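Number of protein chains: 4
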Amino acid sequence: MLYNFRNDYSEGAHNNILEALLKSNLEQENGYGLDSHCKEAERLIKNKINNNDADIHFVSGGTQANLIIISSILRSYESVICASTGHINVHETGAIEATGHKINIMESDDGKISVEGIKKILDEHADEHMVKPRLVFISNSTELGTIYKKEELKEISEFCKANDLYLHLDGARLGSALASRENDLTLEDITNLVDVFYIGGTKNGALLGEAIVINNKELKTNFRYNIKQKGGMLAKGRLLGVQFVELFKEDLFFEVARHANLMAYKISDELEHLGCEFLTKPVSNQVFPILDNELIEKLSEDYGFNIERKINDNKSAIRLVTSWATEEDAVDEFICNFKKLYK
Amino acid sequence: MLYNFRNDYSEGAHNNILEALLKSNLEQENGYGLDSHCKEAERLIKNKINNNDADIHFVSGGTQANLIIISSILRSYESVICASTGHINVHETGAIEATGHKINIMESDDGKISVEGIKKILDEHADEHMVKPRLVFISNSTELGTIYKKEELKEISEFCKANDLYLHLDGARLGSALASRENDLTLEDITNLVDVFYIGGTKNGALLGEAIVINNKELKTNFRYNIKQKGGMLAKGRLLGVQFVELFKEDLFFEVARHANLMAYKISDELEHLGCEFLTKPVSNQVFPILDNELIEKLSEDYGFNIERKINDNKSAIRLVTSWATEEDAVDEFICNFKKLYK
Amino acid sequence: MLYNFRNDYSEGAHNNILEALLKSNLEQENGYGLDSHCKEAERLIKNKINNNDADIHFVSGGTQANLIIISSILRSYESVICASTGHINVHETGAIEATGHKINIMESDDGKISVEGIKKILDEHADEHMVKPRLVFISNSTELGTIYKKEELKEISEFCKANDLYLHLDGARLGSALASRENDLTLEDITNLVDVFYIGGTKNGALLGEAIVINNKELKTNFRYNIKQKGGMLAKGRLLGVQFVELFKEDLFFEVARHANLMAYKISDELEHLGCEFLTKPVSNQVFPILDNELIEKLSEDYGFNIERKINDNKSAIRLVTSWATEEDAVDEFICNFKKLYK
Amino acid sequence: MLYNFRNDYSEGAHNNILEALLKSNLEQENGYGLDSHCKEAERLIKNKINNNDADIHFVSGGTQANLIIISSILRSYESVICASTGHINVHETGAIEATGHKINIMESDDGKISVEGIKKILDEHADEHMVKPRLVFISNSTELGTIYKKEELKEISEFCKANDLYLHLDGARLGSALASRENDLTLEDITNLVDVFYIGGTKNGALLGEAIVINNKELKTNFRYNIKQKGGMLAKGRLLGVQFVELFKEDLFFEVARHANLMAYKISDELEHLGCEFLTKPVSNQVFPILDNELIEKLSEDYGFNIERKINDNKSAIRLVTSWATEEDAVDEFICNFKKLYK
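Chains as they are written, first to last, in our numbering: chain V, 1 to 343; chain P, 1 to 343; chain Z, 1 to 343; chain X, 1 to 343.
Check before you lean on any hint, since a few could be wrong.
A pair holds if it fits inside one copy or across any two, identical chains being indistinguishable in the list.
[Unchecked claim] With a straight-line Cα cutoff of 20 Å, these simulated PhoX-like cross-link-like pairs (lysine-lysine) come out: (1) Lys-46 with Lys-119; (2) Lys-149 with Lys-315; (3) Lys-149 with Lys-249; (4) Lys-315 with Lys-120; (5) Lys-315 with Lys-339; (6) Lys-119 with Lys-310.
Source of the hints: derived by calculation from the structure; they are not laboratory data. Remember, predicted model here, so these are calculated numbers, not experimental data.
Isolated chain V, as found in the complex (with noise of 0.2 Å):
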């Protein structure tokens, strides 16, 4: 195989990082995320985010930061407002049902959350023989590669707000959406528009972790008990602080957000010339091109990506995703190789 743009974890971690964990390494630290790598990591954020009360926590992964959030906010009769191809409705393997709470899902085409599919989706539930909705989970950028706007994030934030729901975003591909070309929105507005978050590290340059950001001073209560009990707190805690102080020391996330995301522009421009169609608009570090099966198959000897969705008998959308780690010699062989196959 050529390369892989299967997906944003195929490589390590980027080299400061790995640095800083061996320049770090034989110093003495509190155990469970109580050391000093953690607070400055936090410090640092709380600065990004421009919110010295949010709560700041570190956990290993998505899934596990999803979980944690998700079972630490809802009663037991609550339920979670996502869309259909959300994350934690696909691919969570019902991590959120294991934890006793029932998804609700809205249809979405773009993987994106609609103040009118929230109010249907209340409007259904009228009493104790349903669930209660309580949450509303958006990721940005989503699982089809689209993201939210100032002005869209705003109406759901306001719409949620309105109706006693609370608003939980998943960052796992946080740094991608806001490198995107078409984005607005930074972290202070993030920070302002829902009640909890998480900054993606694992798919952003870190060798893993994801940084939960609490707004909500509701929420805050004895998190560190949620994450001690769903096994998301490492003793060694100390690599995840490390990483997020790398991160954020800087402006390496959004250095590394940008170098993936204009890999991805350079492949799906070009492709877009060639006269692509795409499942959605490439924004950001994922890229489904529509092909025919026949190229697809083509394409897959030399390359590693997955197949997204069957559009018709005769052609699928693929996925493509690129990262800090994609080399631009790589995207450039492709693009050549995809020309020659492309007729």
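Fit chains P, Z and X to the supplied structure of chain V, relying on the hints for placement.
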């Protein structure tokens, strides 16, 4: 503070491990534990335990390993038997109960489970108004630093088999147990005697990571579903594979454990010589001397450690822990300072 | 209000049942379903289904029966397939998810499950990042009053067997289904075609009570533990036994269902004659006429019923339910009044 | 067998209750506890407890009441403190753990909870590595027939309030406790001293049914969602309302309890007179005489009862239970036969 003996996860990772992470960093690998490093680590562990039929899975921490293993085994109404001091009973924030299962507690002074204790619990559970004990949880070394001799483990194993009970061994500190001067067990013995166990990396030289070993065929089915659902499947699973390759490609796993134990013996032998008593006989990397509260207070000015238990109004047992990273100079200095304080 | 057609549980119990309760009241019996009446009811049901190997258990309600059955079958990562209108999906306040399991929803217009629908869900669930569908939930009659023909149930049953799926039939209204003028199924057929089902008493003449019938040997193990754990085991289990003896010692179960259906047909035949359309074809004790909202409002001044669904801005489908207790005079009067309102 | 003293649910219901069921049988009522009988029963109970602000809900059994109440109160990481002999700890098949919560066990000889015992457990639970005790579970009368005096309950109540603990009283046998010759508590006292309790109907003259009384406003929110989700909401909720109206419209609840106690005293006074010792002092409808095993065996030829506990190789404590239905003649005959066997 001069030195921290609070636990065996105060430092990062053994240098070999960091080197291996650096070296493999830019290789493109499959995600979720399906990479070449995990495969190689599995092969190496199967060799060490001399059981090619075992299933090996890597997860990031001990609580996570325990809750995934235990919840994957038990039906809703089944329970797990555990010593009163057991990690799952005391120090996992109800993680096992959060997956729906009762823990049947066997009172234990030395942290170990006995056949008599299991039998008593079985006798008390007669019908469907009570849970059905189905699994025995042991740890080696235990939370009180004690270890199981081969004969003891064999007796428990045989009793479990004869009584339709599964046996799970928590090996968070298995390295230290097997490297104990009193140990007569091998990894191969353990594989032959328990249905499932895990080999602790976090407390034995790794940044994080535990290797779950499933020997009983019945317990293997769809195990990866459980890991994913409980948030235990790292996207960059290579991080765990690379580390366990280092630990088991030669003898590093045992080497670092031997160092930890030697540092502990140095302390315990000297304290015994001075006339100290211990909560449990020191045989692994945890030492529990019983000291005057006054002495404890003075010691705590210079050293980090936990108070394990109040013995009486004047005396308490403290816990001193050593690790692969414990410096011999720091141990010597500790002993020197201890002698000055100890009348 | 002249009369209530809101549901089939507005009245108490059939007179025979009350008489039997009175008669047996002072007999001293074992508790928890181990009494002579439960034993006798089990024998009678086994005779009716012609399956002496079945296990029979009595619980107090439908949600309870469903949650006990489903949670007893599924491993943590397994899911249940259900029609979008299914009771467990909509009207049990997330009871199934509260036991830890995802419901995979099959969109359905008539409340029924199809083999194509199951197949589509199976095709979408490929690996351990998704739940593993393991059980199919159907109800007969369905929440929309429709019923399964023998050929349909056979096809579903065979598909399930061929695809390692269990099949559970919710029989809250099984009496009405089997007494339908379109029915060609027998209790014996059902026993042969599903792994587990329950026979509804609450909506068919009893004060309360559902009889769970387990046909598949694999699902029988320790079932009483599940009942007890979920709070479904009545101390005075005799209360359920006595009632099911009455329902099945002769033909009372079918007799009361036939009466309910006849009352429903009287209404639906007349409304059809008047030109009404229905949400689903009326074949059991639930009738869903589509009416002008204005008419609905007038009807609601004198009659109790629910609005099932908005059809468009002018029309809605209402739900009229009859039961063993529905008085023919009240039905006649309803029809008479309806005619006056229906221009 | 001459007579069964095995429990207080061997017979059906008090005649007044059956009469009321017959009388109300054909009234059309709302389902799910929203009928006129439940409303009237709520009103009557509020009067008896002199607390118009309480919320009252009816469910069918004690395990169900406990699991609904406890799971509705606790957050995921919170636990409930219970005596070692407590019903939720021993005889509910892990129902509480199945809702995700640990039970912290206080060793108890008499079935009662003490402030010292609670305090010890609180002291042992320091941080997020352990569950957070948040609720104290007591039963009155206890599983060993003992009762709480007003002063004791007050002390526990005050301690709980001062330590941010909720207090729940399981009143499965509350009738017998309040009718005890040693009792100095009233229903009104209990309402003032606990956050939530339930009044047992099943063991005090009803066919089935427990009345949950929520005094603490914080615990009232959306409680019906919990009942429905856990399968505790009967479609024909009237069945519970009708019965509690009978129990509380005059004095029936206390009357039947007094009879049960009188029958128990007759036995215990006579046995004490003969020189028998008891496991606990007999004050309610459960009597635990300690007898020679030989005598027990002979008694068991004619009488139904359980062996509570082995005392030594020769002696065991048995449990004799009386109820509203216990016939005085049978008690007299029992005493007569007992005397003959007792040397």
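Going down the list of hints, with the structure as the test:
Taking identical chains as interchangeable, the C-alpha atoms of Lys-46 and Lys-119 are never at most 20 Å apart, the minima being 33 Å within one chain and 38 Å between chains. For the identical chains of this complex, Lys-149 and Lys-315 are neighbours neither inside a copy (30 Å) nor across copies (38 Å), given an alpha-carbon limit of 20 Å. When the C-alpha separation of Lys-149 and Lys-249 is checked against a cutoff of 20 Å, the pair qualifies neither within a copy, at 26 Å, nor between copies, at 50 Å. Proximity of Lys-315 and Lys-120 under a CA criterion of 20 Å is satisfied inter-copy only: 19 Å between copies versus 33 Å inside one chain copy.
Within a single copy, Lys-315 and Lys-339 get their C-alpha atoms as close as 18 Å, which meets the 20 Å cut-off; across copies the closest is 56 Å, which misses it. With identical chains, the CA atoms of Lys-119 and Lys-310 are at most 20 Å apart between copies only, with a shortest distance of 16 Å across copies and 30 Å within one.
Hints 1, 2 and 3 from the list above are not met by this structure, while the remaining hints are.
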